[in-house]
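**Q** Could you slot chain B onto chain A? The hints should help.
There are 2 protein chains.
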Amino acid sequence: MKMKKGLTAKGRATRQRIVVAAALLIREKGIAGTSLDDVRVATATSKSQLFHYFPEGRSDILAAVTEYEACQVLEAQQPFLGDLSTWESWQDWQHAVVTHYTELGQRCPLGSLTAELGKSSPQTRAVVSSLYDKWEAALVRGVETVTSAGRDAALGRARSILTAVQGGVVMLQTTGRTDYLEAALTEAISPLRPVGTQVGSV
Amino acid sequence: MKMKKGLTAKGRATRQRIVVAAALLIREKGIAGTSLDDVRVATATSKSQLFHYFPEGRSDILAAVTEYEACQVLEAQQPFLGDLSTWESWQDWQHAVVTHYTELGQRCPLGSLTAELGKSSPQTRAVVSSLYDKWEAALVRGVETVTSAGRDAALGRARSILTAVQGGVVMLQTTGRTDYLEAALTEAISPLRPVGTQVGSV
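Chains as they are written, first to last, in full-length UniProt numbering: chain A, 1 to 202; chain B, 1 to 202.
Just chain A, with the same shape it has in the complex:
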């Protein structure tokens, strides 16, 4: 879905307010349990206003909420993800990630939305690929800051850290156990530990 062109700053703010409200409703009541009328009531907007911002109605709102929830995945890791410049900040980030997904438990707002849009639909693929790209870029910047790794090695390390998060979260959601996520992240970031503070590991 493209942002409707020619929105004023006020228009963009209103649109964003609707997206955030719809996202909260969906988190609370599920996709099936959230109607256009619910969104309209929660945001005190008229039907014609809604269709002004989301010409295709429900499908446009769902697409916008999916993009919003993809951003929230990164937001939940801030401020740590944006400043992975020390070993301590990597540890803080790891802690934030484990805490966040432990709190979410089996809920996965983005996962429910992409399931609704079709797990392998072009729309889902675009949102998720863009999320992974931004996430990977932030991790690469962090790896490059704390190591002298070349670009390829930093990319490999970043992908391996990102994959550890994805795998750990999937395993947390199916088993209720956090230790896979913890163990995988600990191993994945351990090469970033400053020399001289290495602990024994395989």
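None of these hints come from the bench; they were simulated from the model.
Among the hints, a few may not be true.
No copy labels: a pair is met if it fits in one copy or bridges any two.
[Said to hold, decoys possible] 20 angstroms max Cα-Cα, derived DMTMM-like pairs, lysine to aspartate or glutamate:
id	residue 1	residue 2
1	K119	E103
2	K134	E144
3	K10	D37
4	K47	D60
5	K29	E136
6	K29	E103
**A** Just chain B, lined up with the frame of chain A:
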């Protein structure tokens, strides 16, 4: 679901034949597209025979097929997973895993079945936890064989390898890209490479 008690060897074989046929039908036509009648026709069994082996009918068959598909996840990694006793066998296993999931692409027989049973239902949790436990045990045995790691370090390494597979496969299924799986597995098994053949990595 418990295996019906008191089945003869012949009975067990018939039951297994029905499960395998149902699994193939479901792989081909999807869960919604596979009826009890389809299973009956494909296996040349009568209705009363089917209910003899699967007293609750469809739900019993789905549960049995889910357990079967969980076993197939490990089968697809054999003979490599059962003998990770050299660095070469770890590399062969990595290659087999990447090839297998690349071929599957967006299909995930076990994932579709657990989605049908409820992603966080007790039934799904039992099957998936048991799968992870067996998988982890095989990886731990391999790590212990090729390193001098203690039990804890071997467990951490095994979990991190298993998580790399889960994460890489999820990312492959949503993006169509295999490089996350490849990069994460390469990093996760690299500490198992014999000393003296280490390549530079972060």
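**Q** Are the hints correct? Go through all of them and say.
**A** Status of each hint after checking the structure:
Taking CA atoms no more than 20 angstroms apart as the test, K119 paired with E103 passes between copies only; the shortest distance there is 18 angstroms, against 24 angstroms inside one copy. Taking CA atoms no more than 20 angstroms apart as the test, K134 paired with E144 passes inside one copy only; the shortest distance there is 15 angstroms, against 37 angstroms between copies. Taking the closest pair of Cα atoms, K10 and D37 never come within 20 angstroms of each other, the shortest separation being 22 angstroms inside a single copy and 59 angstroms across copies. When the C-alpha separation of K47 and D60 is checked against a cutoff of 20 angstroms, the pair qualifies only within one copy, where the shortest distance is 14 angstroms, while the shortest distance between copies is 47 angstroms.
Proximity of K29 to E136 under the C-alpha cut-off of 20 angstroms is found in neither arrangement, the shortest distances being 32 angstroms within a copy and 37 angstroms between copies. Proximity of K29 to E103 under the C-alpha cut-off of 20 angstroms is restricted to the intra-copy arrangement: shortest distance 18 angstroms within a copy versus 37 angstroms between copies.
Violated hints, in rising order: 3, 5; the structure is consistent with all others.
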